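Got chain A; can you put chain B on it based on the hints?
Protein chains in written order, with numbering that gives the first Met the number 0: chain A, 0 to 435; chain B, 0 to 435.
Honestly, the hints are just simulated from the structure, not real lab data.
Keep in mind the model is a prediction, meaning the values are calculated, not measured.
No false leads were slipped in.
To give an idea of the interface, some chain B residues facing chain A are shown, with a C-beta separation under 10 Å as derived from the structure: (1) Ala34; (2) Val57; (3) Glu173; (4) Gly195; (5) Val287.
Even glycine gets a Cβ: it sits at the ideal position worked out from N, Cα and C.
There are 2 protein chains.
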Amino acid sequence: MPELFDVHTPSDAWRKFMALFRSVPRAERVAVADALDRVLAAPLNAPHDLPGFPRSTVDGYAVAALDTYGASAGLPALLEVVGEVAMGEAASVRLDEAQCALVHTGGMIPADADAVVMVEHTQRVGGTEGKGGKQGKDGHEDEVSVSVVPLFSPFSIEIYRPVAVGQNVIQIGEDVRRGDLVLPAGHQIRPQDIGGLLALGIIEIDAAIAPRVGILSQGDEVVAPEETPGPGQVRDINSYTLAALTRRAGGVPVLYPIVPDRLEALEAAARQALDENDMLVISAGSSVSYRDMTAQVIQGLGEPGILVHGVSVKPGKPTILALCGDKPVCGLPGNPVSAMVIFDLFVAPAIRLLLGAQAAAKTQVPARLARNVASATGREDYVQVRLETREGEQWAVPVFGKSNLIYTLIRSDGVIRIPQDSNGVAQGSWVTVELH
Amino acid sequence: MPELFDVHTPSDAWRKFMALFRSVPRAERVAVADALDRVLAAPLNAPHDLPGFPRSTVDGYAVAALDTYGASAGLPALLEVVGEVAMGEAASVRLDEAQCALVHTGGMIPADADAVVMVEHTQRVGGTEGKGGKQGKDGHEDEVSVSVVPLFSPFSIEIYRPVAVGQNVIQIGEDVRRGDLVLPAGHQIRPQDIGGLLALGIIEIDAAIAPRVGILSQGDEVVAPEETPGPGQVRDINSYTLAALTRRAGGVPVLYPIVPDRLEALEAAARQALDENDMLVISAGSSVSYRDMTAQVIQGLGEPGILVHGVSVKPGKPTILALCGDKPVCGLPGNPVSAMVIFDLFVAPAIRLLLGAQAAAKTQVPARLARNVASATGREDYVQVRLETREGEQWAVPVFGKSNLIYTLIRSDGVIRIPQDSNGVAQGSWVTVELH
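Excised from the complex, chain A in its bound form (with noise of 0.2 Å):
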């Protein structure tokens, strides 16, 4: 009994998919301080220069680089400092020749000074080395920083390096220029993004709207899990592994009653799901019968239809990729294990596809294989694999279970892509682990 369908690799089901499917994002207003991991709808541009003001990066004092030139242990530069920049305030304090500020890290840079001396290489003339900043920030402590420069008491340092035009210094516009592009749309954001926006006073943003995600699970021996399965019954697995899934995928599961195992319940319950949501994942049981009433339920759900109907991937080759009438319907194997490697394959790229969102990075890390593993060509093989460290170096232990046993994943800590062109990868290779 073959199954009539033409096996497509991966890419060629992927690739199919995408000449066809055209994805509209939709964007609400969110804060910025609330948009961990939202995906921006539209590119932001920087609105105004970062910093806005001359900024020193070290402790110590402005001057003028040219009031330096030459200083060293045996001739130092003498500087008087005229006074103290508080921190928060403009730089009013007006520098003279082989006059200087007091400045903090962070603080703002006098209009004439361009570089600041770090207090290190300075010493207050009889005084001690580099008490000038801590006496500086004593005053301040005394609350009387919001007027401190009219009280400054100007006393005069010896400086013992030059510094040249613009050292310790961040230049207006160096961390960000007015007009540059701070991040693109479909960028996925991150927590240093927050940050960076905030400082820009970018307190809102176009994010896209997570799409919603129809789950259907059918069976007549599938029953809830609350539920005491009698025999030949067995709880439902899928759809709250797919729902998991679909939100760690940045999609909004939608779960739907379990369908019983008719033609007729599994089409209305498939149109229903697919209007009240932007994409469609059935999960039906493994039989043949059962693939063969998704298929022709999927085939029914609209124009084009079904794009791709079998992959050539283990496990996971029995999977539909269908559009009807725009939106994404996938018929996913039944087996917990197929389910899950086509999720990834297919599922959570059309989902980032809805958010209008670049591919997301995968959770990666390098292993070496623990013992040979065979395989087709011709085919993709996905082997689940347990991590093991083995005296300071982590191998990859594949994970043989069957694919219809859920527990194969759960003692799986990722799963290694042998390639479709390769017989198998040898014992003690390095391989890719993609992490679950």
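Relative to chain A, chain B alone:
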């Protein structure tokens, strides 16, 4: 003005912290279906065998293997099909010698059978190859499946290949055995774990309560992101970046208003934040006086106080690790790049300890270094890199922005670590990039 602290290597610093830190994670009951990424507070064992009955892995005929021995294309075994096992029902059909029952993938095996012959290796006598399964299914679709056995019309099949005892059958407990450890305490729930737990009827678990992490930023120059900074002022970057990093590590960030640059203000804010949370992170400015003030405040928060002041890491040297009244307190460097490096090294692992969680897998990719990177021995260097694909190979291009520029982090995709005993890494070497 040298700061008076002993610099520790990162591993020494962590050991010193771990020697005194005792984490007592708290747990709450949560639904497994909502438990993605939660951390198990207690180990879970299987309450029963999975599967609970012998299941077929193929569409075919449940047989006594003995009845098929010696079967071949030239000399097929002839068996009578006396019933069908409907999906989701007990296999009540009784088999005598040379009798078998039609079964579907995932269906139960009758008590008298010990193997399943794939339908592809049979032919219905007088019918076409492989029609048996289809025919049974057709009856199924006519909705007589609930009482199909009485209505079943026996027929005969030829079998062309022998099967061994157990072939194409999942045995009782083959997925997981009653009493087996299913998941250990500290395990972070993945999508497949949700499926595996629900398959066993485990619908609620004890999950660690996410620790609350108080985040304090200090500085007279710092204004809230929605404000327009005046000359010398900057918007708060670190609070929100640290909050997002905290959330990603599994904690609940609790932000406080920016603390003005006065000792009493920082003391009061730190004491309140420590009281209200399980952990405290203080991000002050980068000037020495800020750092001194932070150290002084942390030392006064409770015993044993500061354990580590200064780590041999670039960037990130002025780091404080403390335990105050059994709660971890971390003083982070003020520069955003340094703060993130130190967060990953110490704060994220401390949050994992508070969760009772196993170490999280880091997202790593191998890449070749695009240029020579020098490093001083005796210090770990963390170099921000951008990933670039060149002729199909992944390259790590160092991003040499100053560590006080937030966009250094945004322009980079990850970080490479130059070990303490290395004086650099040569261009073209393979390195491991830990993605942001």
